[in-house]
Every structure is written in structure tokens, then in C-alpha cells.
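Number of protein chains: 2
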Amino acid sequence: MNIEYVKPQDIERRSFEIIAQELGGREIPEEQRPIVMRCIHTSADFDYYENLYFSPDAVKIAHAAIKSGCTFVTDTNMALSGINKAALSRHGCDAVCFMADPEIAETAKRAGTTRASASVDRAAMLGKPVIFACGNAPTALLRLCDHIREGTFRPALVIGVPVGFVNVVQSKVLLIDSGIPCIVARGRKGGSNIAAAICNALLYQMDAL
Amino acid sequence: MNIEYVKPQDIERRSFEIIAQELGGREIPEEQRPIVMRCIHTSADFDYYENLYFSPDAVKIAHAAIKSGCTFVTDTNMALSGINKAALSRHGCDAVCFMADPEIAETAKRAGTTRASASVDRAAMLGKPVIFACGNAPTALLRLCDHIREGTFRPALVIGVPVGFVNVVQSKVLLIDSGIPCIVARGRKGGSNIAAAICNALLYQMDAL
Numbered sequence: 001m002n003i004e005y006v007k008p009q010d011i012e013r014r015s016f017e018i019i020a021q022e023l024g025g026r027e028i029p030e031e032q033r034p035i036v037m038r039c040i041h042t043s044a045d046f047d048y049y050e051n052l053y054f055s056p057d058a059v060k061i062a063h064a065a066i067k068s069g070c071t072f073v074t075d076t077n078m079a080l081s082g083i084n085k086a087a088l089s090r091h092g093c094d095a096v097c098f099m100a101d102p103e104i105a106e107t108a109k110r111a112g113t114t115r116a117s118a119s120v121d122r123a124a125m126l127g128k129p130v131i132f133a134c135g136n137a138p139t140a141l142l143r144l145c146d147h148i149r150e151g152t153f154r155p156a157l158v159i160g161v162p163v164g165f166v167n168v169v170q171s172k173v174l175l176i177d178s179g180i181p182c183i184v185a186r187g188r189k190g191g192s193n194i195a196a197a198i199c200n201a202l203l204y205q206m207d208a209l
Numbered sequence: 001m002n003i004e005y006v007k008p009q010d011i012e013r014r015s016f017e018i019i020a021q022e023l024g025g026r027e028i029p030e031e032q033r034p035i036v037m038r039c040i041h042t043s044a045d046f047d048y049y050e051n052l053y054f055s056p057d058a059v060k061i062a063h064a065a066i067k068s069g070c071t072f073v074t075d076t077n078m079a080l081s082g083i084n085k086a087a088l089s090r091h092g093c094d095a096v097c098f099m100a101d102p103e104i105a106e107t108a109k110r111a112g113t114t115r116a117s118a119s120v121d122r123a124a125m126l127g128k129p130v131i132f133a134c135g136n137a138p139t140a141l142l143r144l145c146d147h148i149r150e151g152t153f154r155p156a157l158v159i160g161v162p163v164g165f166v167n168v169v170q171s172k173v174l175l176i177d178s179g180i181p182c183i184v185a186r187g188r189k190g191g192s193n194i195a196a197a198i199c200n201a202l203l204y205q206m207d208a209l
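Here the protein sequences line up with chains E and P, keeping their order. Sequential numbering from 1 applies to the first sequence in the working numbering. Sequential numbering from 1 applies to the second sequence in the working numbering.
If you are wondering where the hints come from, they were derived from the structure by calculation, not from laboratory data. We put the CB at the ideal spot given by N, CA and C, even for glycine. Among the hints, erroneous ones may be present.
Said to hold, decoys possible - What the simulated footprint calls covered on chain E by chain P, stretch by stretch (three residues with Cβ under 8 angstroms from a Cβ of chain P suffice, anywhere in the stretch; the number is not a length):
1) 12–23
2) 87–98
3) 190–203
Stated by the list, open to error - Pairwise CB distance ranges (calculated):
4) E:69 to P:152: 40 to 50 angstroms
5) E:21 to P:23: 27 to 37 angstroms
6) P:46 to E:112: 31 to 41 angstroms
7) E:149 to P:67: 43 to 53 angstroms
8) E:110 to P:85: 19 to 29 angstroms
9) P:103 to E:146: 42 to 52 angstroms
10) P:68 to E:29: 29 to 39 angstroms
11) E:5 to P:4: 48 to 58 angstroms
12) P:179 to E:9: 31 to 41 angstroms
What the hints assert, rightly or not - Partner residues are not named here, just some residues of chain E that face chain P (Cβ under 7 angstroms, in silico):
13) 78
14) 169
15) 208
Take these sequences, add in the hints, and give me the full structure.
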């Protein structure tokens with residue numbers, strides 16, 4: 001068995017070299033490239049070359065939000081746990097997830113909705129710039145679209161990468177059509193790992209600026 | 001946009017119906033089916049129908065370990081955060097991840113190895129039945145294979161689903177060849193989400209027994 005010896009600190013760099021090599025000459029706009037590559041890195045799934053949608057100036061808008069010290073709101077504790085806390089802190093940002101709050105469970109139960117939907121209502125009350133990263137629940141995206149339409153909550157950017165089979169594809173189309181700045185994995189794919197990867201890619205890009 | 005109305009508590013059931021429908025008549029051994037389906041559910045990636053390998057009696061062995069109140073050890077905090085804590089507690093099991101321990105970082109730095117590898121050495125000292133779930137670092141699997149070969153640590157079951165490009169494929173082949181009971185996603189794919197999905201599927205199966 002041919003094990004390639006790579007120093008621990010070089011494994012990520014070597015992985016990105018391999019991904020770049022396999023992408024070959026495929027064109028990706030410069031500012032989107034690290035995000036596409038990090039999604040492939042986290043999933044070993046080259047579909048993310050095809051399915052990622054960026055609204056106009058999405059990356060620039062994300063960077064401005066990070067510069068303003070925004071809060072990343074996730075729809076799972078898994079995504080929250082995947083966001084690099086040192087990178088957040090370098091840029092004066094923080095990250096929260098409301099899904100495990102007992103109060104959210106109570107509100108959702110009373111309203112006959114999901115905790116993810118109730119979490120969006122909670123995020124709307126933060127009163128500061130938000131990057132909303134949805135890697136799990138299309139119901140969160142649908143609720144976000146309600147808020148955007150009614151003018152009650154407008155995140156600086158929405159990362160719309162829920163995964164699955166029930167209303168996932170539709171929720172992403174609605175999000176794109178809402179006109180909000182967004183980065184979306186079209187189709188069924190996505191996940192908490194993809195949501196965290198996109199947050200981290202945006203933060204690491206700022207390190208390099 | 002055609003949004004399907006599904007009650008929150010029915011979304012998962014409906015998703016599994018869709019997955020079963022799309023799998024059509026494809027044959028999966030009965031005890032492996034919920035695991036394969038939960039991997040597809042968490043990734044929307046039907047490759048997991050093709051790439052999951054189960055060593056002989058892997059599911060039965062996992063259930064026996066759970067029955068004995070084993071500890072799930074993960075190689076990322078993301079995987080740890082994805083394991084259902086209520087399900088763990090129903091079966092008298094627990095879950096840990098050593099990756100963020102300052103002591104592990106120190107040991108790894110001294111040894112010129114990865115934190116994942118040092119975490120395996122730490123897990124070897126638990127002195128109780130372990131299900132080791134690796135969703136990220138092939139270096140953890142390689143270190144596990146050393147322990148298995150030398151007889152210094154033998155988990156009840158290894159969930160070998162690291163993701164990526166450097167030594168990932170090789171580490172999985174070595175794991176399978178070691179003869180340890182294992183569930184493996186062959187090839188490059190896997191991830192913390194897949195590791196957590198397999199742990200949860202095994203726990204939920206026990207609920208249904």
C-alpha cells in the first residue's frame with residue numbers, strides 16, 4: 001500500500017493541489033475559487049464545481065459583513081462546531097446556533113413549525129449584520145424568504161446549502177429568486193459540513209487580503 | 001414554486017420514503033439498510049449505496065458494543081456534535097472527541113504527528129469498549145492500524161469514513177485488510193456528517209429492536 005508521506009501542516013495544501021489538478025483548466029471566477037475548492041475538499045465531491053451559485057458580488061458583500069464584525073448564524077450545532085473559532089475571532093466576528101435553545105423548541109411546538117424556522121425568527125431579533133448559514137433545514141430558508149419579502153429581516157448574506165429530499169430544491173430556488181445576496185448549492189446536495197466550509201473559506205480569504 | 005406541505009415530525013419519514021423509492025429494487029442486506037439510507041439522507045449522495053463496506057457481522061458487533069455501554073470516539077468535534085445525545089443516553093453510551101484537548105496538541109507537536117493520530121493513542125487508554133468513528137483524518141486510521149497490528153488497541157468497531165485526497169483511499173484499504181470489524185466508505189468520500197450518520201443509524205436500530 002503506497003502511503004504518501006506528507007507533513008501534518010502540509011496535508012491541506014497538498015489536498016488543494018490535487019483538487020486544482022483534477023479541476024484542470026475549468027474556469028472559476030477568482031474570488032469564488034477558494035470557496036468552490038473548500039467545498040470539494042470537505043466532501044471529495046466535484047459536483048460542487050457545477051452546483052454552486054453566487055449572486056452578484058456575493059463574496060465582496062460577505063467580506064464587507066465580516067469586516068463589520070458580523071454574527072454567523074447556523075441552523076445546526078454541527079455547522080457551528082465546524083466554523084474556525086480562531087478565524088472568527090481574528091476578524092471580530094462570532095457565531096451562534098439557536099437550535100438547542102429550550103425556548104426555541106417551545107416556540108416551534110406552539111406554532112406547529114420546525115425549530116429551524118423558529119431559529120430564524122430569533123436571528124431576526126439580533127439587530128446586527130448577520131451571515132445566515134443554512135446547511136440542514138429548508139424550512140429555515142423558507143422562513144427567511146418570508147422575512148425578506150416582508151422586510152422584517154435581511155441578512156447581509158445567506159449561505160443556502162440545506163441537504164435533502166423534501167422542499168430542499170424548491171427552497172433554494174426561492175432564495176435565489178428573493179434577490180438577497182447568497183451563495184447556494186443548487187439541487188439536493190449540501191450539509192452542515194458544506195455550510196461550515198463556505199464560512200471558513202470566506203474567513204480565510206479575509207486573512208489573505 | 002411547488003412547496004410540499006409536510007409536518008415537521010414527518011419530514012424525516014418522507015425523506016426516507018423518497019430515498020427508498022429512488023433506490024428502487026436495489027438489494028441491501030436488511031441490517032445494513034438503515035445505515036446506507038441514513039448516509040444518503042445526510043448527503044443526498046447516492047454514491048453511498050455503492051461505496052459502503054461492512055465487514056462480516058459489523059452491525060451485530062456494533063449493537064453488542066452499544067449494549068455493553070461503549071464509548072464512541074470521534075476524530076472531529078463536528079462528528080461528536082452530530083451524534084444524537086438522547087439516543088446515546090438511552091443506551092448507556094457516551095461520546096468523546098480528544099481533538100481540542102491542549103494536551104493532545106502538545107503531544108502531536110512533540111511527535112511531529114497529527115492531533116488525530118495522538119487522539120487515537122489517547123483513546124487506546126480508555127480501557128473500555130470503543131466504537132471509533134473517523135470522518136476526517138486518514139492519519140487516525142493509519143495510527144489505528146498500527147495499534148491493531150501491535151495489539152495495543154482494538155476497538156469493538158471502526159467507522160472508517162475519512163474524506164479527502166491525501167492517503168484517504170489507502171487508509172481505508174489498510175483498515176479493511178486489518179480484519180477489524182468495520183464499516184467503511186470506500187474511495188475518497190466520507191466526512192464528519194457521514195461518521196455521525198452511521199453512529200446515529202446504529203443507535204436508532206437498537207431503539208427498534
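The hints, checked one at a time:
1. 12–23: holds (count 4)
2. 87–98: violated (count 0)
3. 190–203: Result for this restraint: holds, n = 5.
4. E:69 to P:152: 40 to 50 angstroms: 48 angstroms, holds
5. E:21 to P:23: 27 to 37 angstroms: 34 angstroms, holds
6. P:46 to E:112: 31 to 41 angstroms: 32 angstroms, holds
7. E:149 to P:67: 43 to 53 angstroms: 51 angstroms, holds
8. E:110 to P:85: 19 to 29 angstroms: At roughly 24 angstroms between Cβ atoms, residue 85 of chain P and residue 110 of chain E fall inside 19 to 29 angstroms, so the hint holds.
9. P:103 to E:146: 42 to 52 angstroms: 48 angstroms, holds
10. P:68 to E:29: 29 to 39 angstroms: 53 angstroms, violated
11. E:5 to P:4: 48 to 58 angstroms: 51 angstroms, holds
12. P:179 to E:9: 31 to 41 angstroms: 33 angstroms, holds
13. 78: This hint holds: residue 78 of chain E lies near chain P, its Cβ roughly 5 angstroms from the closest one there, short of 7 angstroms.
14. 169: 10 angstroms, violated
15. 208: 21 angstroms, violated
In this structure, the hints that do not hold are numbers 2, 10, 14 and 15, in rising order.
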